[in-house]
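Please model the complete structure; the sequences and the hints are all you need to start from.
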Amino acid sequence: MLSLKNVVISLFKKIDSYGIDCCVLRGYELLPNTVINDLDFFVKESDVSKFYSILVELSSFFDASLKITTVRQGVFKTEICFTDFTLKVDFWYQLTFVGLHYVKSSEILSSKTLNPNGLFFIPTPEMELNVSFTKEVLHNQWVRDDKSSHLRSLLNKSSSIPFGFNRTKFESVLSKSGVKQFKLFLEVLFFILKLNIKHFGVVNVFINVLAFYAVKYSNKYKKKSLDKLLISGARL
Numbered sequence: 024m025l026s027l028k029n030v031v032i033s034l035f036k037k038i039d040s041y042g043i044d045c046c047v048l049r050g051y052e053l054l055p056n057t058v059i060n061d062l063d064f065f066v067k068e069s070d071v072s073k074f075y076s077i078l079v080e081l082s083s084f085f086d087a088s089l090k091i092t093t094v095r096q097g098v099f100k101t102e103i104c105f106t107d108f109t110l111k112v113d114f115w116y117q118l119t120f121v122g123l124h125y126v127k128s129s130e131i132l133s134s135k136t137l138n139p140n141g142l143f144f145i146p147t148p149e150m151e152l153n154v155s156f157t158k159e160v161l162h163n164q165w166v167r168d169d170k171s172s173h174l175r176s177l178l179n180k181s182s183s184i185p186f187g188f189n190r191t192k193f194e195s196v197l198s199k200s201g202v203k204q205f206k207l208f209l210e211v212l213f214f215i216l217k218l219n220i221k222h223f224g225v226v227n228v229f230i231n232v233l234a235f236y237a238v239k240y241s242n243k244y245k246k247k248s249l250d251k252l253l254i255s256g257a258r259l
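In this note's numbering, the protein residues as written are 24 to 259.
If a hint is listed, it holds; no wrong ones were tucked in.
Simulated crosslink set (EDC-like; lysine to aspartate or glutamate; CA at most 20 Å straight-line): (1) Lys67 <-> Asp44; (2) Lys100 <-> Asp61; (3) Lys36 <-> Asp113; (4) Lys90 <-> Asp63; (5) Lys239 <-> Glu68; (6) Lys245 <-> Asp70; (7) Lys28 <-> Asp86; (8) Lys203 <-> Asp169; (9) Lys135 <-> Asp39; (10) Lys111 <-> Asp61; (11) Lys127 <-> Glu149; (12) Lys28 <-> Glu80; (13) Lys36 <-> Asp63; (14) Lys206 <-> Asp168; (15) Lys36 <-> Glu80; (16) Lys206 <-> Glu194; (17) Lys127 <-> Asp63; (18) Lys180 <-> Glu194.
Keep in mind the hints are simulated off the structure, nothing from the lab.
Rendered as structure tokens:
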């Protein structure tokens, strides 16, 4: 009988055989036995098309249906529907908030490490701390209760802390998990905005922000993003 574990292992083996530069961003602790909500991959942008072709092959081999459920700037979200279960696979090639890059793609992949089970790569504790904490603050304006203990664990393994925070300040933020922290949100947002202006210039930052909303709300720009996958007739 086909199991989710077998499918996940097959996916990792195909990624390895194709030589795709990627890592599992988070929620990897119980893999391949258990998938927590979905599989979140970060993929080198030039490998995005190859990564999608693996999902096509996988779904075809197991006689499953593959659907693209969401297209956003820097990410495609998919579902592979089997007879008895559904595997959600999200693959990111940029990490942005309203068009502002908050982690360099090259740094995520250049520092990745092999997971102890040898099946896939994961970010370093420092990188995962940066990605997970920034995402929590920017998208939620707080740190969720179910995330704070994991972030604290990453903090204890990390040699650096995001945004120049010291350990005391970071611990203070985590101790207020579940509480809206709008001041923290603004602090992180302006920090990232300044970095983006420094690296890309004001005009390009403005263009990136416009591109974010164009992809989010315009079917025309969604289609342009889908063209990255070299596919036609993808269902949204």
